[in-house]
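Q: Letter by letter, the chains look like this.
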Amino acid sequence: MNPDERHYRKLKPVPPQRFRTISEIGEALNALGQGFVTTFRHLFRKPITEEYPEYKRTLPERSRARIVLTRDPDGNERCVACYLCSAACPVSCISMQSAEDDNGRRYARWFRINFGRCIYCGLCEEACPTSAIQLTPQFEHVKREILSMVYEKEDLLVDHSGKDKTYNFYRWAGIRTGDRDKGEHEREDKPVNVRSNMP
Amino acid sequence: MPTLTIDNRRIEVPEGTKVIEAAEALGIMIPRFCYHRALGSVGACRVCAVKIVDGTRKGVQMSCMLDVEEGMVVSTDDPEAVAMRRHVIEWLMLHHPHDCPVCDEGGHCLLQDMTVSGGHGLRRYLGNKRTHLDQYLGPRIQHEMNRCIQCYRCVRYYREFSGYRDLGVTGIGNRVYFGREREGTLENPFSGNLIDICPTGVFTDKPARYFGRRWDLQRGPSVCIHCSLGCSVTVGARYREVARVEARYAKAVNGHFICDRGRWGFPYTNEASRPRAARVDGEATTVGEACAAARNRLLHVAETAGSEAVACLGSERAGLETLKAVAGICRANGWADPLFWLERRARENVAAAVSLLGDDLVLSLRELEAADCVLVFGADPLGEAPMAALALRQARRQGAPVFVFDPRPVELPLDFHHVPLAIEDLPECIRSLVGAAGDRETARGADPTVRSFTDQLAEPSVPPPPEAVAALRTSRRPAVVCGTDVTDAAAIGLAADFAALMKAQGRRAGLFYLMPGANGFGAALAGTEAASLEELLPRIEGGEIRALVAVEADPLGLYPDRGRIEAAMRKLDLLVVLDYLDTDSAAAADVFLPSTTVFETGGTWINQEGRIQIVRGAHRGGIPVSQTGGGGHPPRVFMEEVPGGQAAASGQTLTRLSPAEVKGASEWVRLPPDTDKQSGTRAVLPDPSALRFAPERTALSGAAGDEAMLTVIAVDRTFGTEVLSSRSPWLSAEETAPTVWMHPEEAGRVPLSDGDLLEIDAGGGSLVLPVKIVENMARRTLVIPRHRDAAWQRLGATRLRIERDCIRKAQPVGENAPVKESPPR
Amino acid sequence: MIAWIAGFAVLLVKIGLVLGVLLFLAAYLVWAERKLLGRLQIRYGPNRAGIFGLLQPIADAIKMMTKEDIVPEAADRTIFLLAPAVVAVTAMLMAAVVPFGPTITLWGRQVPMVVTDLNVGLLFVFAMSSLGVYGVALGGWASNSKFALLGGIRGAAQMISYELALGLSIVPVVMLAGSLSLVDIVDAQASYPFILVQPVAFVIFVVSAMAESKRIPFDLPEAENELGAGYHTEYSGMRFGMFFIGEYVHMQVLGALIAVFFLGGWRGPLLPGPLWLLIKIIVVALVMIWVRGTLPRLRYDQLMALGWKVLIPAALANIVITGAVVLL
Amino acid sequence: MLPADLREKLERTIETADHPRELAVDVMMALQEHYGHLSDEAVAEAAQLLDMSEVEIDELATFYTFIYREPVGRYVIHVCDSLICWMDGYEKLRDHLARKLNIAMGGTTDDGLFTLLPVCCVGYCDRSPAMLVNRRVHGNLTPEKVDAILDGLRESARSADETSSG
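Protein chains in written order, with numbering that gives the first Met the number 0: chain H, 0 to 198; chain S, 0 to 824; chain L, 0 to 327; chain F, 0 to 165.
Be a bit skeptical, because a hint or two may be false.
[Unchecked claim] With a straight-line Cα cutoff of 20 angstroms, these simulated PhoX-like cross-link-like pairs (lysine-lysine) come out:
1) K808(S) x K771(S)
2) K142(H) x K152(H)
3) K144(F) x K99(F)
4) K45(H) x K34(L)
5) K128(S) x K189(H)
6) K34(L) x K62(L)
These are calculated hints, taken from the structure and not from any lab test.
These numbers were taken from a predicted model, which means no experiment stands behind them.
Could you build all of it, start to finish, from the sequences and the hints given here?
A: The following block contains the structure:
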C-alpha cells in the first residue's frame with residue numbers, strides 16, 4: 000500500500016451509527032448546555048477590548064502600516080529604484096523613476112506612493128531586495144484631502160535603517176560606485192587581468 | 000523525415016534537426032543559453048541537457064548538439080536531466096554578481112528565468128567571486144563583465160554572423176573576457192543586437208539605461224521606418240516617452256536582428272523640440288482652430304485662383320493611410336495631382352522598380368540569404384538598407400560570391416568583389432553581364448520584353464568581369480540586388496530583365512530592389528497619376544500653384560536645390576505643413592499642424608519587396624513626463640487632457656482640412672484579406688499590366704566615357720543621412736562627417752590631397768567640402784553623403800553631371816567649416 | 000355613524016400603538032443584540048453613540064436613510080424595489096391578531112386589546128408568515144446575482160420545510176383550546192399555560208420559529224461567509240433597512256406567538272396584561288440572541304434532516320398522543 | 000619598432016601560407032623572441048602582418064601559456080604543477096624556488112634574470128617533479144639540483160653579458 004492510498008482510506012466516511020444509547024443523548028444535551036453556560040458566563044466577564052482613541056498600545060515592530068524608505072548603515076539611500084516593489088504592488092500605488100547619480104549608484108530620481116490606494120499588504124517590503132522599503136507600525140495617517148495622501152520621496156525617506164540595521168546592498172553588488180571599485184566589495188577577488196602571465 | 004518521441008509526444012521533423020528544435024516545434028522550450036536559432040549550436044553552456052531514453056546515444060545528452068533519429072525517445076523532465084540542468088545553473092551562478100536590482104536586464108533576463116525556473120534559489124558557494132573590469136564600448140552599449148556566463152553568443156554573433164572583428168574573447172578557463180582590445184566604440188553597425196542576444200546583462204542598452212523594467216513598458220509590435228526593408232521591431236514606451244526599440248523576430252524579413260539605425264534612430268519622437276502645438280502665422284493655437292484656418296485659406300485660394308492652384312505633397316516616409324489621404328484630398332477637391340516625390344528621377348526609378356517586381360521574381364530578405372550568387376547593381380547595402388548587408392553576409396557565409404557594381408566606396412562585412420564603375424556605365428555593364436551569362440535560346444521562352452531585349456543585345460562596350468561571369472554560369476539561385484537611389488530607370492529595368500532571363504534559364508533567380516524611404520513602394524503605388532515636386536516647381540514659380548500642403552514632407556530641407564525651393568516657397572500664398580518633426584518647412588509654414596509618429600498611431604507600410612505591414616501604436620503620445628515636470632519630477636496636478644496630446648495621425652488631420660468630403664476607401668491599393676500585422680503579406684497590384692513601366696533601353700553607352708565631365712552623386716550612409724535617425728544623439732558619433740569622396744586619380748588632377756577643401760560649382764550654387772581620397776571607388780565621380788550638416792542642397796540634384804572645371808581646390812578661410820546655411824531649427 | 004367613527008378611531012389608536020411598540024422594540028432589539036453579543040464575546044458592543052450606545056439605533060437609522068440606494072443595472076427593477084416591503088409588511092401584519100391584554104370597557108364600549116380578533120387568526124398568522132418568504136425569494140431572484148439567488152432559494156426551501164413543523168406543532172394547542180382565534184387560545188390558558196402540558200410542541204415550535212425568522216443557527220439564506228449576505232447582498236440604504244426591520248419585527252411577533260400559544264399570552268400575576276406580554280416577548284428575544292451567541296450555523300443537509308426527519312415526525316407523534324389524551 | 004629584416008622575413012613566411020592566420024602563433028613567437036615578451040606594440044604589429052584584428056591576436060596570446068603578455072625575466076622558470084608533480088613534491092620545490100629567488104609565483108627577480116611561473120604538465124611525469132627553463136626540461140628535481148641549475152643559469156648569464164659587452 001503506498002502512502003497515498005493510506006491517506007485516502009483515512010478519509011473514508013465513518014458509517015453512521017444506527018443505535019444511540021440514552022447516555023449518548025445525555026452527553027449531547029450536556030454538551031449543548033455547556034455551550035450555553037459558557038456564553039452565559041461570558042456575560043459577566045470584563046471585556047478584553049482596548050478602546051482605541053483613549054488607549055493607544057505600542058504595536059509590534061512588524062505591524063504593517065505607513066511605508067518608509069530607509070537608509071543603509073552609512074546613511075545613503077538604500078532604494079536603487081529596481082521597480083520590484085511597484086511590480087509586486089497589487090494595487091499599483093508605487094511609482095518611481097530610476098537614474099544614475101554621479102557616483103554610479105542607481106537611485107530613485109523620484110519615488111511616489113499613493114497611500115490613498117495602498118492596502119498595506121507588505122508585498123513591497125517582501126519584494127525589496129535592498130531592505131529599502133519598509134512598513135512601520137505608524138498607522139494613524141488619514142487625511143481629508145485625497146491628494147495629500149500621495150507621498151513623495153522626501154516624505155518617505157527616513158534617517159535610519161529601520162528593521163534591517165546592517166544590510167548595505169552596494170557592499171555586495173559588485174557594481175562600481177564612487178567609493179568602491181570592482182573587486183573591493185564583500186567576498187570578491189581582485190579583478191582578473193587576462194593578460195597576466197599566470198594561468 | 001525521422002519521427003521521434005519527446006515527453007510522450009510524437010513529432011516528425013526533417014533530417015538534421017536538432018533535438019532542441021524538435022522539442023520547440025512541440026512547444027517544449029528546453030532551457031538554453033548558447034544555442035540560438037540564428038547562430039546554431041556549439042554546446043558550450045551545457046544547460047540544454049535532456050535524457051535520451053532510446054536511441055543510439057542514451058543517457059543525458061545536450062539537446063542542441065544531437066541530431067534527431069528515427070525512433071528516438073527523449074525525456075526533458077527526467078530527474079537526471081533536471082538535476083543536471085539545476086547543477087549547471089548553479090555553476091553558472093557561482094561568480095554571478097548580486098546585482099539584479101541595478102541590472103537593466105532584470106525582468107527580461109534569460110539567466111534570471113533559468114535560475115528561478117531551475118529552482119536554484121540559494122547560493123551554496125561561499126568563496127570569493129571572480130570580478131572583471133568593464134570597458135567603455137561607446138555611447139550605446141553598457142558593458143558589465145561580472146555578469147558573464149561564458150556562453151559565447153556575443154562573439155559568435157559579432158564575428159561569425161555579422162562579420163566584424165573588434166570584439167573578441169581573451170583569456171582562458173575561468174577568466175575569459177569578452178570585450179575589445181582596448182576601450183572604444185564598437186565598430187559594428189549591428190552591435191545593438193548584442194543587447195538582445197546576450198542572455199544576461201553583460202551588454203545592455205545604454206541610452207535606455209535605468210529607464211524602467213520591461214514589464215512596465217507599454218510595448219507593442221512595430222516596424223522600423225528608417226529604411227525600405229521594414230524590419231520588425233518591438234517598441235517600448237513609458238511615461239509618454241519611447242524608451243527602447245528591440246528586434247522582433249520576423250521570419251521573412253529581418254530574422255532575429257536589426258541594425259543600429261533602427262534600434263537607436265527613434266529619439267525624434269521624444270525630442271523636446273518636436274512641435275506639439277498647431278501654429279497659424281507663427282502663433283500657437285488649438286488644432287481645431289488651425290484646421291479651420293487652413294481649410295478657409297485653402298478654400299479661398301481655390302476660389303480665387305482655381306482649385307488647380309492647390310497642391311499637396313506627401314513623402315515616402317509617411318504611412319499608407321497618410322498617402323491615401325493625400326491622394327484622396329487632391330481628388331476630392333480637384334486640386335493638382337498629388338505629389339509624393341521631390342525629384343522626378345526618384346519617382347521614375349521607384350515606379351519602374353515597383354512595376355517590374357513580379358511575384359515570380361521578388362525575393363524577401365530571408366530568401367536573399369539563400370542565394371548562391373549575388374549581384375549588386377548601383378547600391379550600397381550598408382548605407383541604404385543596412386540589414387541587406389547582413390543578409391548578403393549570410394549568403395556569403397554559405398558560399399555565395401557577392402559582386403557589387405557601384406561607383407561608391409562600398410564597404411560590407413564580408414569579402415566581396417567590388418567593381419567601382421561610373422554610374423553611367425552601370426546599364427552597359429549589366430547588359431554585358433546578361434550577354435555573357437545568358438543565351439538567346441533559353442530567352443525564347445521568357446517574357447516578351449525580355450525576349451526582345453535579348454534580341455537587341457549587341458557587343459558590350461564594357462567587358463564583364465570574368466569572375467562574375469564564371470560564378471553566374473554555375474549558379475542555381477542567383478540574386479540581383481539593385482538600388483534605386485543613384486541609379487536610373489535603365490539600370491533598374493535591366494536588373495529586372497537580368498533576373499527574368501536567369502529565371503527563363505530554369506534557375507531560381509530573384510530580384511531585390513532597395514528603395515528610398517520606408518514607404519517608397521506605397522508612394523509608387525499611389526503615384527501612377529502623380530508628379531514630383533520637381534515637375535511642379537515651374538508652375539509654382541509661374542504663379543499657377545498658389546498653395547502647398549506638405550504632409551510629413553520637408554521640401555525646404557530635402558529638395559536638392561535649396562535656393563530654388565526657397566524662392567518657390569516664398570512665391571506661395573499659403574504653405575500648410577503637417578509633421579511631427581521640426582523641419583525647415585515646418586518653421587516656414589503659414590499653418591502648421593502637429594502629427595503623430597509610427598509609435599503613437601501606427602499605420603501601414605509597404606517595404607521594398609511589396610510586403611504590407613500594418614502597425615499599431617505602442618503608446619498614446621503627448622509630451623513626455625520627463626519634459627512636462629519641473630526638474631525631472633512629474634507633475635502633481637492631474638488633468639483630463641494629455642499635454643501635447645492634441646496631435647493626430649497626419650492622414651486624419653488632413654481630411655479635416657479638406658473643403659470637400661474625402662472618400663475613405665482607396666482604389667489603388669487592395670489589401671489581401673489575410674494581411675496580419677505580424678509578418679504582412681505582399682501587396683497586390685491592382686492591374687500589373689497597367690502599371691508596367693517600360694524603361695528606355697537605348698542610347699546607353701558612350702555617356703560615361705566623356706573625360707571632360709564628372710558625375711556627382713549625393714548618397715545615403717548608414718548613419719547621419721536618413722531623415723529620422725540622423726536626429727539621434729547616440730548615433731551622431733558614428734556618422735560619416737560631411738565630406739566628398741574622390742578617387743586618387745581624380746584628386747591628382749586637381750590636385751588635392753586628403754583633407755583639402757574642394758569647391759564644387761553645381762546647379763544650386765557653390766559647395767565647399769573636405770576631400771576624402773579613397774581607392775575603391777569609380778573614377779570621374781564625386782560622392783557626397785547627404786549629411787544633414789553638409790550643404791548638399793546646393794548641388795541642384797541628387798545626381799548630376801558637371802564640367803570638370805567646375806571643381807577647384809578651396810582655401811580654408813578661418814573656420815570655414817563645410818556648414819549648411821543655418822536654417823531655423 | 001358616530002359609533003363607526005369611534006370604532007375606527009380606536010382601531011387607529013390600537014394600530015398606532017402596536018406598530019409603535021413593534022418598531023421601537025425592533026430598533027432597540029438591534030441595539031440589545033449587538034450589545035449582548037458583544038458581552039457574550041467579551042467585548043463592549045456599541046458604546047460610542049450616547050451613553051451605553053443607546054443612540055446607536057438612531058445613528059443607524061440616519062445612516063440607512065442617507066445612504067445611496069443602489070439598484071443593480073441587471074436587476075429586475077420593480078420586483079427588486081418591492082421585495083423588502085413584502086418582508087417588512089407581512090411581518091408587521093402578523094401582529095394584528097396578537098391579543099395584548101384583556102378586553103377593557105371604554106365609555107361603555109367593549110374594546111378588545113387586539114387589533115383584530117379573527118376567528119381564523121392562527122391561519123392568518125401562518126399565511127402571513129408564508130407570504131414573507133416571497134420577499135426573500137423575490138429579492139434574491141430580482142438582484143440578478145448568484146449569491147442573492149442562492150440565498151433566495153435557500154430561504155424558500157427552508158421556509159417550506161419548517162412551515163410544516165411549525166403548523167403541526169401548534170395543532171395540539173388548537174385541540175386543547177378548541178379555537179383558531181388567538182384571543183380564544185389565550186383565554187383557554189386562564190388557569191395554566193400550555194407549556195406545562197405541551198413541552199414537546201413548545202420545543203418544536205421554538206425551533207421552527209427560529210428557522211422561520213432565519214436566525215442563527217438557521218441563517219442559511221444570509222450565510223455571510225458563503226454567500227456574502229445572501230438574498231440581500233445587492234441591497235443598500237433603507238431598502239436593506241426594511242429587510243432588517245422585517246427580521247426583527249418577525250422575531251418579536253414570533254416571541255408574541257410563543258407567548259400566546261404556550262406562555263399564557265398577556266396573562267400574569269400583578270402586572271397589567273400588555274406589560275406581561277412585552278416581558279415575555281423580550282425574554283424570548285433575549286433567548287434567541289443567546290442562542291445566536293452560542294450555536295454555529297447548521298449545514299444545509301443538517302438543516303433539512305432536522306426539519307423533515309426529526310421535527311415533523313415528532314410533531315405528528317405529539318398530535319396523536321395529544322388526541323388520544325383528549326379523547327380519553 | 001620591428002627591424003626591417005625581421006619584418007621582411009615574417010612577411011615572406013606569411014606569403015607562403017594558404018591563410019595568414021595559420022601562422023599566428025609562429026609570428027607571435029618570433030615577435031616575443033625579439034621583444035622579450037609580446038607587448039601591446041607587438042600585438043598591433045602581428046595583427047597588421049597577419050591581417051587580423053588586434054583582439055584576434057590577443058585571444059591567441061592570452062590562451063597560450065608560453066606567450067607572455069607581460070614582461071618576463073631572461074629565464075622563465077615554469078614549474079610543473081600537474082598531478083604527478085604534486086605527488087612528488089611540487090610544493091616543496093615551489094617553496095624552495097620562491098625562497099631562493101625571493102619572489103612569489105608570477106614574479107620576476109629584481110635583477111631581471113628569473114621569472115617564476117606554473118605550468119600544467121610538461122610531459123615529464125616519469126621524472127617528476129619537473130620544471131622548464133626557457134624550453135629546457137629539468138626532471139627529478141631536488142632542492143640541491145635546483146640550486147645547481149640556478150647557479151649555472153646565473154653563470155651563463157654573466158658570461159653572456161661579458162661577451163656582449165666585451
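Q: Run every hint past the structure and note whether it holds.
A: Against the structure, the hints come out as follows:
no. : hint              : in the structure
1   : K808(S) x K771(S) : holds (13 angstroms)
2   : K142(H) x K152(H) : holds (18 angstroms)
3   : K144(F) x K99(F)  : holds (13 angstroms)
4   : K45(H) x K34(L)   : holds (14 angstroms)
5   : K128(S) x K189(H) : holds (9 angstroms)
6   : K34(L) x K62(L)   : holds (19 angstroms)
In terms of the numbered hints stated before, the structure departs from none.
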